[in-house]
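Taken in order, these protein sequences are the chains called A and B.
Quick note: the first sequence uses our numbering, first residue 1, plus one each step.
Quick note: the second sequence uses our numbering, first residue 1, plus one each step.
Since the hints were made in silico from the structure, they are not lab data.
All clues stand as given, with none of them false.
Okay, the calculated beta carbon distance ranges per label pair:
hint, chain 1, residue 1, chain 2, residue 2, range
1, A, F256, B, Q44, 49 to 55 Å
2, A, K130, B, Y206, 33 to 39 Å
3, B, R114, A, K223, 44 to 50 Å
4, B, K34, A, V37, 30 to 36 Å
5, B, R114, A, K239, 55 to 61 Å
6, B, Q191, A, Q221, 31 to 37 Å
7, B, Y206, A, E185, 47 to 53 Å
8, B, I118, A, K239, 54 to 60 Å
9, B, A97, A, L230, 36 to 42 Å
Once the Cα atoms are required to be at most 30 Å apart in a straight line, the calculated DSSO-like pairs of lysine-lysine come out as:
hint, chain 1, residue 1, chain 2, residue 2
10, B, K58, A, K130
11, A, K125, B, K190
12, A, K58, B, K130
Just so you know, even glycine gets a beta-carbon here, dropped at the ideal spot from N, CA and C.
What follows is each chain in one-letter form.
2 protein chains.
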Amino acid sequence: MQYNVLDLESEKNRNILLKISYDGSRYHGWQIQKNAVSVQEVFQNSLRNVIDEDIELKGCSRTDSGVHANMYCINFKTNSFIPCERLVMALNRFLPADIAVLSADEVPMDFHARYSCIGKEYIYKIWNNKVRNPFLNNYSLHYWYDIDIDLLNYVGSKLIGEHNFTSFCTVDNRVLTDAVRNVSELKFSKQGDVITMMIRADGFLYNMVRIIVGTMLRVAQGKIKPDDILYIIEAKSRKAAGPTAPAKGLYLNRVFY
Amino acid sequence: MQYNVLDLESEKNRNILLKISYDGSRYHGWQIQKNAVSVQEVFQNSLRNVIDEDIELKGCSRTDSGVHANMYCINFKTNSFIPCERLVMALNRFLPADIAVLSADEVPMDFHARYSCIGKEYIYKIWNNKVRNPFLNNYSLHYWYDIDIDLLNYVGSKLIGEHNFTSFCTVDNRVLTDAVRNVSELKFSKQGDVITMMIRADGFLYNMVRIIVGTMLRVAQGKIKPDDILYIIEAKSRKAAGPTAPAKGLYLNRVFY
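Looking at chain A on its own, in the form it has when it is part of the complex:
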């Protein structure tokens, strides 16, 4: 179906922000695509059962296949009078069990889930034990060597601040016009055998978090020297950094507006 989004939207009189959470294991990311089930597609189908209108969903970011979200934000415009509280309940009734709507709120008409976003927080989970955890297979990276949290926090601190993160970006067909991002926090913590990296920034390049994790694990293994992180940043080349850690350990954790 082709339609003019501007025309479609100009007629609507309410703008709704939804906060959702999803287990990304069986989805090919947020974005609708051919021959693969996406969160957006499943969401759009459920929404059609609740609001009988052509609706354009705007997600706060693209996410890769297998990536999870403790919080993901969507906005859409509608003429429906449905109260926000009822919208949450109705959507949760139609959505599959691995997607949940946490809240719905009316926002100003110019609010846009992606363009209004001023920052995001991701977490990355690592199961750090010689034996795998059967419950965390789709929810963490299994890494069996020792990890020195203090060392990684020292190296991670070098990434905090405004830097050109070209070395931590997968080169694809997207044009990289501006690779400068401001990382405000980066912290490793440990709870039992689960190590979590938390990173907060004003924005993220493609695969940035996963490449940072992959690089950090090279540091943990002694294959990258702690202070080499500065040269990796300066190199502005994907080849300088470590591998891209798997998607299944990654969670979009918070979105800031």
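Mind docking chain B on chain A? Use the hints.
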């Protein structure tokens, strides 16, 4: 295949105790059965790749479809010389990702995973929030009303000690010769929105933990009065207790020998 277990076993000279963990979501319990995938069947097939012998696996208990195990114990007799440490690694290579061998140890020849067991500990997880948790769908019961932990700990304390637990046992074709069990601990705790009931006893009747949970949630809802728990015990009738809580929240947590 039919063979005489006694004959088969009398030739073996080592007895191995395995501690395993599994996500029970896609299994119809431990016990091998027709037309359904069981943990035992999958385990036996993996073991065949490591030890080329007819082997009889003894599990510490039957578990229902969908029930999980943080620790489940198995023993088997073998003539293989494989060191225990290598057995762990080899089995983990062949087992699917939702089953893991935690340890292997040589035990006396008369050790039996089921008959040598002197106690077990189960936990039951409840997701206590109005909105479901997409990550805990197969791993907890979703319960949206308020739960007063202190009240449930008070009522639970009445179940501690030696009691006839007939009221907390599903009647099936198994003969119930002795329904007296000794519960040594029963405790509810809360971490964020996850409420966990932990129960330890010298043994459990069929569905005992799930019926206790179902009864406790009736207490939480005010549909069973706190002190009525004494009458429910005395009734020695399944009808006196609450419903059987779903399997997916239940985990065998520890096995004592």
